[in-house]
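Construct all of the structure, not just a fragment, from the sequences and the given hints.
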Amino acid sequence: MPEKAKVQEVQAMVDNLHILPEAIQQRVLGIVEGFDLARKTTENAESKDDKGA
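Read in order, the letters of the sequence shown correspond to residues 1 to 53 in our numbering.
Treat the hints as calculated values from the structure; they're not laboratory data.
Just so you know, even glycine gets a beta-carbon here, dropped at the ideal spot from N, CA and C.
A couple of the hints might just be wrong.
Here are the computed distance ranges between Cβ atoms for each label pair [said to hold, decoys possible]:
| # | residue 1 | residue 2 | range |
| --- | --- | --- | --- |
| 1 | I24 | N44 | 29 to 37 Å |
| 2 | A38 | N16 | 28 to 36 Å |
| 3 | A12 | D49 | 29 to 37 Å |
| 4 | D15 | S47 | 45 to 53 Å |
| 5 | L29 | E9 | 25 to 33 Å |
With a straight-line Cα cutoff of 25 Å, these simulated DMTMM-like cross-link-like pairs (lysine to aspartate or glutamate) come out [to be verified]:
| # | residue 1 | residue 2 |
| --- | --- | --- |
| 6 | K40 | D50 |
| 7 | K4 | D15 |
| 8 | K48 | E33 |
| 9 | K48 | D36 |
| 10 | K4 | E22 |
Now the structure itself:
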């Protein structure tokens, strides 16, 4: 029985391993989307400046 408990403990650790990469991926995607939004905002502002000149 103790061996089964060890197996379950290891299985739980393995099951939780996928959470970390997903969390990192979501964080990176959020940062990338933030930069992309900033770039688009800058491009829009520059194109408006060009039209006004």
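Here is how each hint holds up against the structure:
1. Separation of I24 from N44 is about 30 Å and conforms to the stated range, judged on CB atoms against 29 to 37 Å.
2. Our hint of 28 to 36 Å for A38 and N16 holds, since their Cβ atoms are close to 34 Å apart.
3. At about 57 Å, the beta-carbon gap between A12 and D49 misses the expected band of 29 to 37 Å.
4. For the hinted restraint 45 to 53 Å between D15 and S47, the CB-CB distance of approximately 49 Å keeps it satisfied.
5. Taking the beta carbon of each, L29 and E9 are about 32 Å apart, inside 25 to 33 Å as hinted.
6. Restraint check for K40 and D50: the C-alpha separation of about 15 Å stays at or below 25 Å, so the hint holds.
7. A distance of roughly 16 Å separates the Cα atoms of K4 and D15; the hinted pair therefore holds under the 25 Å criterion.
8. With a C-alpha separation of about 22 Å, the suggested pair K48 and E33 falls inside the 25 Å cut-off, and the hint holds.
9. A C-alpha spacing of about 18 Å is found between K48 and D36, which places the hinted pair at or below 25 Å, so the restraint holds.
10. Taking the CA atoms of K4 and E22, the gap is about 29 Å. The hint is violated against a cut of 25 Å.
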